[in-house]
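Enquirer: Let chain A serve as the given structure and place chain B on it in line with the hints.
Chains as they are written, first to last, in the working numbering: chain A, 1 to 382; chain B, 1 to 227.
By construction, these hints were calculated from the structure, which means they are not laboratory data.
Check before you lean on any hint, since a few could be wrong.
Below, computed lysine to aspartate or glutamate pairings styled on EDC-like, alpha-carbon distance capped at 20 Å [unchecked claim]: (1) A:LYS379 to B:GLU39; (2) A:LYS379 to B:GLU36; (3) A:LYS313 to B:GLU36; (4) A:LYS331 to B:ASP74; (5) A:LYS370 to B:ASP54; (6) B:LYS23 to B:ASP84; (7) B:LYS99 to B:GLU72; (8) B:LYS180 to B:ASP10; (9) A:LYS374 to B:GLU36; (10) B:LYS205 to B:ASP100; (11) A:LYS370 to A:GLU348; (12) A:LYS379 to B:ASP21; (13) A:LYS331 to B:ASP54; (14) A:LYS183 to A:ASP293.
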Amino acid sequence: MKTKFTTDTKLESEIAYFENINLKLQSGDIIDSFKLAFKTYGKLNADKTNAILVCHALTGDQYVAGNNPITGREGWWSRMVGPNKPIDTNKFFVICSNVLGGCAGSTGPKELQNGSDVAYGGNFPSVTIKDIVKAQSLLVESLNIERLFSVIGGSMGAMQALQWAIDFPDKILNIIHIAGALKHSAQNIAFHEVGRQAIMSDPIWKNGKYFENDEVPERGLSVARMIAHITYLSENAMHRKFGRKLQSRDIISFGFDADFQVESYLRYQGKSFVERFDANSYLYLTRAMDYFDYDETFRKKIEFSQNPNNHLKYLIVSFTSDWLFPTIESKMIVNQLNSLSREVSFLEIDTDKGHDSFLLEEPQLDCVIKGFLKNNFAKIDE
Amino acid sequence: MNKINSIRKDWSLIETLIAEDRKILDIGCGDGGLMEQLENNRNAITHGIELNRDLAANAIARGFNVVHGNAELDLSQYSNNSFDYVILSQTLQAMMKPKDILSELLRIGSKAIVSFPNFGHWKIRLQLLISGKMPVTESLPYTWYDTPNIHFFTIKDFLNLCNEMNIVIEKSIGLTSKGKQFDISESVTGVNFFTHEAIFLLSYKNFEPIKIKSSKKVFAKNSVIAN
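In isolation and in its complexed conformation, chain A is listed as follows (with noise of 0.2 Å):
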């Protein structure tokens, strides 16, 4: 296989080209070339032992660390990745690429067709995480990197951490799995259909083909994003930051003007991720997250997958007041893993802060990866 890498001085990212590759999708469609943007962050060891790939969550992407020159602001994960962080770059090699399907320089409905001068949009095919992983995999390759130290995500991310153990069991020494679980469940998609619905009812959405009169479906998107924004905090969080409280007034305005704090910020929510993201891409990976589904499956893909003398480990997390992927669903994979007798490890930590608390200050998970990696790289170098 041999892959292009570019630099995108505009995107401040690496691309990697996989020209005439016929990547085989879970539909059966099959896209002929792809490309990736990604970033990478510290060094890579002479052994190549050290590399770390950080997935990102559903509206993430290749900035977990250092600028973004998209939104002009500080990576998603910079409070966890980066020199003498918990994911410490000073050790570690850090990749991170922008998912197949997103919108961040990777191909994605927001790309051109391959030969043409027209965008995906609709006539992109579906995309699952095993796709999404499958592509990643071809990257870690393309990098001369046998085997990955580790596999991190949360949320959408922790989704593909736990297809790289099911899929690339050899390719991996151990994964940790942040607010996920073994399938999407039936609230989460419910969920998702309405923010889809949201963003398919709005008239500028045009059956995907806004573009082409260089027009983004503003209204439908930042409404799906304000929901999802609920869905990521929780009662406890949001009324202790917003309360009652109303928004640059004294008093209630009778009206249907963002009276509230928490009306303004989801707004604020919705204008600002209109800016960043592509509505059809939004469609994509919500529904690759809605189709990811190992509740049946995972005990025997895990069994039959894997040589229990191989050491992968697991270290799975989850959150008091996640109610998007509660504690329930984490514990399933332990279950399982545990019936295996498989290397894992859990742990709840307890926060107020809801499903996001893997994106905000929680000690206790920035002292457990630190010390979860720094221990368990210690025992491969010896």
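Expert: Below, chain B alone, put in the same frame as chain A:
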């Protein structure tokens, strides 16, 4: 002996009961102290369960395989005979259903190691006899209303339970309150009186296969009690 020394002593005795290169589950593993010792000195593969969130987090951060959970609810997820040894160090008296736990230990592990403070020790008997109040000692340092220890039992009680459950005591070590070590099975008199802490290596009785002859086939059945 103070509490820490007594735990260290407990660990080093547990270590003597364990062969090299075995797979071990430590229930109530704390921050992984015993696991570390067994990995270093016995080349063991260790797993742990810990109820306390902060201790479990510390153990994981130290690189051990530890599941934050409740042994009384979570042991059922492990498969039969998936460990060589299952260790329950100084915790049986704090369990809601000690008998169920004991049978779980021997379902999951080929062998179980159980250590506990002996409620039949003469100091405890004397305290209760003289003061008429629930005893408070070095190994049972809590007042009755805030103790995690909800099932008190003596060596005699434990031996009776093992007998009832068809559990074989392979080895037994007693410690006096001064830390003197002896073999419980070889001491005839006063064991239940002088043993301050006891450590047992347990397994299930291995019954001879029962052979049922029929005209066509010979059935072999191992009648070991599994649950």
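Enquirer: Does each hint fit the structure? Answer for all of them.
Expert: Here is how each hint holds up against the structure:
no.: 1; hint: A:LYS379 to B:GLU39; in the structure: holds, 12 Å
no.: 2; hint: A:LYS379 to B:GLU36; in the structure: holds, 13 Å
no.: 3; hint: A:LYS313 to B:GLU36; in the structure: holds, 17 Å
no.: 4; hint: A:LYS331 to B:ASP74; in the structure: holds, 10 Å
no.: 5; hint: A:LYS370 to B:ASP54; in the structure: holds, 15 Å
no.: 6; hint: B:LYS23 to B:ASP84; in the structure: holds, 5 Å
no.: 7; hint: B:LYS99 to B:GLU72; in the structure: holds, 11 Å
no.: 8; hint: B:LYS180 to B:ASP10; in the structure: holds, 12 Å
no.: 9; hint: A:LYS374 to B:GLU36; in the structure: holds, 16 Å
no.: 10; hint: B:LYS205 to B:ASP100; in the structure: holds, 17 Å
no.: 11; hint: A:LYS370 to A:GLU348; in the structure: holds, 16 Å
no.: 12; hint: A:LYS379 to B:ASP21; in the structure: holds, 17 Å
no.: 13; hint: A:LYS331 to B:ASP54; in the structure: holds, 18 Å
no.: 14; hint: A:LYS183 to A:ASP293; in the structure: holds, 4 Å
Going down the numbered hints, you'll see the structure goes against none, and every one checks out.
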